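Counting in the working numbering, the sequence shown runs from 1 upward without gaps.
Think of the hints as simulated: they come from the structure by calculation, not from any bench. Check before you lean on any hint, since a few could be wrong.
Using 27 Å as the maximum straight-line C-alpha spacing, the simulated BS3-like pairs for lysine-lysine come out as follows [as the list claims (entries may be wrong)]:
| no. | residue 1 | residue 2 |
| --- | --- | --- |
| 1 | Lys-218 | Lys-236 |
| 2 | Lys-292 | Lys-236 |
| 3 | Lys-40 | Lys-236 |
Since the structure is predicted, the reported quantities are computational estimates derived from the model, not experimental observations.
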Amino acid sequence: MSSSLPTLAFAGIGLMGLPMCRRLLAAGYPLMVWNRSPDKCTALLEQGAQRADSPAALGGADIILLCLADTAAVREVIFGAGGIAENARVGQVLVDLSSTDPASTREMAAELLDKTGVHWVDAPVSGGTPGAEAGTLAIMAGGRQVDIDRVAPVLAQLGQRLTRMGEVGAGQVTKVCNQMIVACNALVIAEVVALAEQAGVDARLIAPALAGGFADSKPLQILAPQMAERCFEPIKWHVRTLLKDLDTAAKLAHEQGSAAPMSGLAAQLMRLHGSQGYLQQDPATLVQLYRKDQP
């Protein structure tokens, strides 16, 4: 382990956070981790990470990374009792890999800078757990160029592409755009698989048949086979995550006076699906919305 590497802290050891941390440890970075459920850190401790007793304990690292469920969780971990802000100091950079509300991100960044002198980089990611495991995520960043340059070597362990989209908040706006495309795509793929089945076509052949054509996409190649095979586990991501991001899209569109009717409809369909007990399930279960024989 090289002493020249910056020390890292990471809050949020979930579906995405765990493989990200594994990659950072494999690259030799000194890493301290925290999660609301401490047992989720066990595998990382065996790999050489240290466990923090509270978010505040993460404040000793050079670069603090977050990958949390939503805006409220980010605010609580930073500014709540025993939060990161209690021990944060000038010279650190906070990198938020979560998907959060852009306006709230700008507000939190300004508050953190005012209270501690710590600069914020919002760097949400796309690519799911396979991308996190392989280090091939697409990372869209908002913040000062100097801060993004500083954290770029760390983020290079996690993604194949890092793009500065603008000032703080711009990364989150770009992630909203990403999720609008992904969620609408997932819902159409569910329609396609169910329609193919009902019309007597082997839906398992849809993804390979369309590979390389204009309809092809990573969601098609991942979701269509799962949907056709009714293979909904292991859970790689959650319906609630897509719903949260679609709600953020609707809020952003309203704030900007922009129309987003497709994403608005997608949000309502996602909410309907979630209300039927699928919030914690994989989005591959969306096909159940359209299957006549679903349980």
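A quick look at each hint next to the structure:
no., hint, in the structure
1, Lys-218 to Lys-236, "14 Å, holds"
2, Lys-292 to Lys-236, "25 Å, holds"
3, Lys-40 to Lys-236, "16 Å, holds"
In summary, this structure violates none of the numbered hints.
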